Amino acid sequence: MTDPAARPPRPRANSREIRVLAWVAGSLAFSVPLASFAISPKPAEAGGETRPVVVRRVVRVIVRSPSEEGAPTFSPPGASSRTPATSTRGS
Amino acid sequence: MELRRSAFRSMGTDVELLGPAHAAFAGAAAIVREIFESDDRRYSRFRAESELSRVNAGAGDWMSVSPQFAELLAFAIEAARGTEGRFDPTVLDAVIAAGYDRDFDELLAGARAALRPPRPCGRFDEIKLEGHRVRLPAGVGLDLGGVAKGWCVDRAAGAAVDAGLPWALVNAGGDLRIAGEVPQAIPVAIEDPEGATLEAGRVQLHAGALATSSTTRRAWGDGLHHLIDPATGAPASGDVLQATVWAPTCAEAEVAAKDALLRGPCSLERRSGVLVLRDGRILTNLADGDEAAA
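First to last, the protein sequences are chains A and B.
FYI, the numbering for the first sequence is 16 to 106, going by this note's numbering.
FYI, the numbering for the second sequence is 58 to 351, going by this note's numbering.
Just so you know, the hints here were simulated from the structure itself, not pulled from any lab data.
Please note that a few of the clues may not be correct.
As the list claims (entries may be wrong) - Pair ranges (Cβ atoms, derived):
#: 1; chain 1: A; residue 1: Leu49; chain 2: B; residue 2: Phe65; range: 55 to 61 angstroms
#: 2; chain 1: A; residue 1: Gly93; chain 2: B; residue 2: Pro322; range: 19 to 25 angstroms
#: 3; chain 1: B; residue 1: Asp296; chain 2: A; residue 2: Glu83; range: 50 to 56 angstroms
What the hints assert, rightly or not - So these bits of chain B aren't anywhere near chain A, every CB distance computed over 12 angstroms:
#: 4; residue: Ser95
#: 5; residue: Trp119
#: 6; residue: Glu128
#: 7; residue: Arg138
#: 8; residue: His189
#: 9; residue: Arg190
#: 10; residue: Arg192
#: 11; residue: Gly215
#: 12; residue: Ala268
#: 13; residue: Leu284
#: 14; residue: Trp303
#: 15; residue: Ala344
Note that this is a predicted model, so its numbers are computed, not measured.
For each residue, glycine too, the CB sits at the ideal point set by N, CA and C.
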């Protein structure tokens with residue numbers, strides 16, 4: 016066992032040093048979250064740089080040929096005002 | 058015209074019955090549902106216990122089949138001959154090779170690639186059908202998916218009218234049939250193959266059936282979809298994105314739509330319908346609905 020009397024006494028911080036340390040720690044705790052806000056990416060500002068928006072348009076051209084008797088009729092997109100009762104699609 | 062509607066899911070797709078507000082509607086709806094559930098149990102390739110799975114498992118041997126199965130298979134073989142093989146009930150191996158080896162909802166979740174290189178199909182003429190006995194060539198499997206659905210739609214629409222409805226429209230995932238006498242034409246939207254919320258036009262249907270085949274639906278990857286070109290065994294890649302065909306019955310319309318998708322614009326010389334082409338054009342030989350209404 017080590018003799019306690021042989022160990023040199025640990026230097027104790029005085030109250031001034033402790034106060035300075037507390038101020039430094041408090042300042043860091045306050046400023047770090049603010050810094051993370053400062054360096055995070057900003058949302059685009061209205062009236063600032065605009066990004067291109069690509070809208071894909073589907074252009075259809077109707078080509079008709081003679082119809083078969085008894086067959087249904089066909090209206091191009093947007094031509095018929097009646098609400099469809101049902102629909103057909105690729106299955 | 059006041060409509061009633063009953064919807065449910067069967068055969069891997071949405072099914073609906075449309076009909077007039079009538080006392081027989083609820084009973085007819087129950088019958089329609091039972092027909093779909095029964096046919097799904099018989100013709101599904103995703104059910105190990107289905108009659109189709111049993112027949113496929115016995116390829117190479119003579120198998121006994123139900124009268125209903127024999128009737129549909131006879132229709133499918135005749136349709137394959139009539140379309141010079143563009144419709145082919147023996148595409149099972151090719152569909153699986155393209156990656157469609159499980160229920161479509163599971164397929165989408167797994168985002169699969171093709172499993173094997175394609176091989177041409179076209180062995181429908183080697184199927185032996187004698188009464189209620191069938192023998193598939195060894196190594197050949199049946200996929201009756203689309204035509205079985207059309208067949209079922211026809212039976213269901215007829216049964217709804219037999220149950221007392223003056224008329225009925227049954228629609229299974231876009232394959233639809235009117236039975237009975239409708240008091241006025243039913244407006245049916247044709248969905249655009251390049252946008253589910255867009256329309257490629259509308260048909261005013263007063264009788265018969267419509268079926269649509271598209272290379273952009275039931276697709277799970279670049280160039281991977283369920284419509285196999287039997288000549289190559291690979292998913293079809295022609296000029297037609299979508300074919301909607303009118304015919305007296307839904308089973309006929311289903312076969313004709315596949316034929317039109319592979320045959321291209323000249324199919325309109327034989328059938329009435331609407332083709333949406335890859336270059337943006339819509340070709341149709343149906344009369345103009347606006348002129349007819351004027």
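| field | Indices of hints not satisfied (ascending) | value | 3, 12, 13, 14, 15
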